[in-house]
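Asker: For reference, the chains in residue letters:
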Amino acid sequence: MKWLTKTIRREQRALERARRRFVRKPNERRLHDVRTTGRRFLSLLEDVAGISELERLRRRVKRAAAATDAARDATIILRLLESSVDGAEGSFAHPLLDRLCEQERIATRTACKELRRMRFDS
Amino acid sequence: MKAGRVDLDGVDDVRELVERVVATRLREAHALTSGLDRRDKQGLHDFRIACKRLRYALERFAALDQSLEAIAERLAALQDALGEAHDRDMLLAILPAAMTATQRRLRADREACVDRAVANWTELKQLMQALDSHQI
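Chains as they are written, first to last, in numbering that gives the first Met the number 0: chain A, 0 to 121; chain B, 0 to 135.
No wet-lab data here; the hints were simulated from the structure. There's no promise every hint is true.
[What the hints assert, rightly or not] Calculated lysine-lysine pairs in the BS3-like style (CA-CA distance at most 27 Å, straight line):
no., chain 1, residue 1, chain 2, residue 2
1, A, Lys61, A, Lys24
2, B, Lys124, B, Lys1
3, A, Lys61, B, Lys40
4, A, Lys5, A, Lys61
5, B, Lys1, A, Lys61
6, B, Lys40, B, Lys124
7, A, Lys5, B, Lys1
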């Protein structure tokens, strides 16, 4: 099925591009891109698992997508907390904000380290 | 929640591939709608993941059948609402007990997100009747 082969290659290239951009200069936008590109590609590989012999690639893509989970969670929760703290409760929120900032920094660095070792262009 | 395997035995045509994948992912989403009724954290999360798989499939196949695009767009809105509810659940789980006013605000926002998701799903069910009867 030509369409399927072309689609897999296209999504594989898209993930590799997003991965390279993220490891070159990690930021929130690029984290989101590499994460969604990976999730989309994983979903395609799961959909066609019955006719496509790409189990090793599927496992690699799954690992790549999972590598960004902690960084994404910390970023989202941090932004949400910043935007929803009640004015009178700011002092209670500070320790949690500091903790989330630290988690975001460490998780982004870990995701970058893991994704640096992966390749999707072969 | 693990994605179910799509039965692709004997499929050698892209049209049939689309039908089987969409039918499987649609069935999975329907099977988890009770999470939306219960409004609990895990139920909503599982339903959101199933909707995401269906949406990704529809977006991918919209290049072959444009009628799928409108449903994928509505699913994206549903997924946004469920995602925002999930984010609030995650924050509520770690919020200090003393932050009662913030908790109240987050809970109210969360319920509004779930209400939005329920409204989206009600609209989607009508749109998806075409998929149920495999008219793709």
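Asker: Indicate, hint by hint, whether the structure satisfies it.
Answerer: Hint check results:
1. Lys61/A with Lys24/A: holds, 22 Å
2. Lys124/B with Lys1/B: holds, 23 Å
3. Lys61/A with Lys40/B: holds, 24 Å
4. Lys5/A with Lys61/A: OK: Lys5/A and Lys61/A at ~20 Å, within 27 Å.
5. Lys1/B with Lys61/A: holds, 12 Å
6. Lys40/B with Lys124/B: This hinted pair holds, its Cα atoms lying about 22 Å apart.
7. Lys5/A with Lys1/B: The hint holds at about 26 Å.
The structure is consistent with each of the numbered hints, conforming to all of them.
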